[in-house]
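Protein chains in written order, with my numbering: chain B, 155 to 309; chain C, 96 to 382.
One thing to keep in mind: the hints can contain errors.
Short, incomplete list of chain C residues facing chain B, as computed with Cβ under 7 Å [stated by the list, open to error]:
hint	residue
1	L206
2	L210
3	H219
4	V320
5	G324
6	V328
7	L329
8	D333
Across the chosen pairs, the derived CB separations fall in these ranges [unchecked claim]:
hint	chain 1	residue 1	chain 2	residue 2	range
9	B	G221	C	V320	47 to 55 Å
10	B	I270	C	T296	39 to 47 Å
11	B	D257	C	T214	29 to 37 Å
12	B	G221	C	G355	22 to 30 Å
13	B	Q211	C	R372	46 to 54 Å
14	C	R376	B	A162	45 to 53 Å
15	C	R113	B	H184	38 to 46 Å
16	C	R372	B	H184	53 to 61 Å
17	C	A280	B	E243	25 to 33 Å
18	C	G251	B	A162	54 to 62 Å
19	C	D263	B	K187	20 to 28 Å
Each computed DMTMM-like pair below joins lysine to aspartate or glutamate, with the alpha-carbon atoms no more than 25 Å apart [claimed, not checked]:
hint	chain 1	residue 1	chain 2	residue 2
20	B	K185	C	D344
21	B	K187	B	D257
22	B	K187	C	E201
23	B	K185	B	D257
24	B	K187	C	D344
25	C	K273	C	D169
26	B	K187	B	E243
27	B	K187	C	D159
Please keep in mind that the hints were generated in silico from the structure rather than gathered at the bench. Note that the coordinates shown come from a computational prediction; the quantities given were computed from them, not determined experimentally. Even for Gly, the Cβ is constructed at its ideal location relative to N, Cα and C.
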Amino acid sequence: MLHPDASAPKSRQVGLVIEQVGDETIVYDHKTKQAHSLNRTASIVWRNCDGHHSISQLADIVRADTGVDADVSIVHYALDRLSSAQLLEDDASEKADGVTRRDVLRRMAAAGVATIAIPAVLSIAAPTPAMAASGSGGQNNQGQNKNTQGQNQNP
Amino acid sequence: VLRPVTQRTHETTPLLDRVRWPAGFVFECHGAIIGVRSSSRSVLGALRRVLPPDARISSARPIDSHYSIVVRHDRARPNEPLYVAYERRRRIGAGRDVDAVVATLEGAVHLAVALHARTMLFVHAGVVGWRGGAIVIPGRTHTGKSSLVAALLRAGATYYSDEYALFDGAGRVHAFPKSLGIRDAGGTSRPVSPVSFGATTGDVPLPLHTVIATSYTARASWRPVAMSGGETVLALFDNTVAAQRRPADAIRTLSIAVTGARALRGVRGDAARIAERILDRCSEPSL
């Protein structure tokens, strides 16, 4: 795995609409025409990806803000999700060294951490007018677009 | 019977340039300016049925979009004119049943209003009022919105819409109370008044109380799970007509609207079996 201090990821800010809903962040990307919902942990990581905080410092921030005993694997996982959603300046997913949700779950379970703290990014494509008002387009069984990014929801 | 949607319906035609338009009007609805016209005065009365709730005849210009019905007579069937509907220059339907053609035009006109509205955000959804709050059921066509709205009306809710939820800038939900479109066994949608379900129609904007993201699945059990505020915004955005046209407004408005609201998602079976359970759950205080 990458050395914890070897990278200071930076979030994208240009071409985005950003709103807070409670402790979640809603982001609309004009470039990809996608909307994303970042849960609390993903929001904390993304908000602090300013190009100055190292990954281990981001883990410290997550620990301080959530009270969760987070290690760098949570940050790597969050960066992977954020990178998949194209919300980072650089492609951090390669640097994350393939941290999977299962890896994060296993480490968090070993540490007795609630799975709700796992970073999650839910993404959908903005519908066309015809899609929004008809049965066309890929939908799941709740009438939503299938996400096109690496959606990860808590179990 | 309307001609099925085929490649030909997307053709444009120069013939429209040679048509005279003795009947027509322009209306405004929530800031959208729409023109409707016909080549024959005989269909003017029918054309007025396309007017959406809250529309008013207007002299405002420029128009955002316009719709036409051309009435054609042919020698073979002189007493059965052909009605051809256009959205701008694109043919969207045709048939000898004027009511069916006007119904097609109505859907297209309402969609244009939803797209071009400037003072409201239109989300494809059913809406009922319950104890001072709005229950919004977002979803595409054929997900069972209307049947769930009808079941909620039978259970005592107030009718707001079975087509669009209208959100103002403060996130409140406004009515769009056209008749419900209830499908018969053959899948044909028929307009039904909410009065036939013993319901009244609401006219007061309501705060969003609950979002129900669901669709009908035969014999499914209703075991909903709670959605977070972020998931709820996406569920509504996914059914927002102007999502690509006004994404910033949509995200901001929906983020405001969901604050304090609750949301559930899950498949459902028979609407009548869950309507009272939904209302019971919505009788609990807001978050």
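Fill in: Hints the structure fails to honour
Violated: hints 4, 9, 11, 16, 17, 21, 22, 23 and 25.
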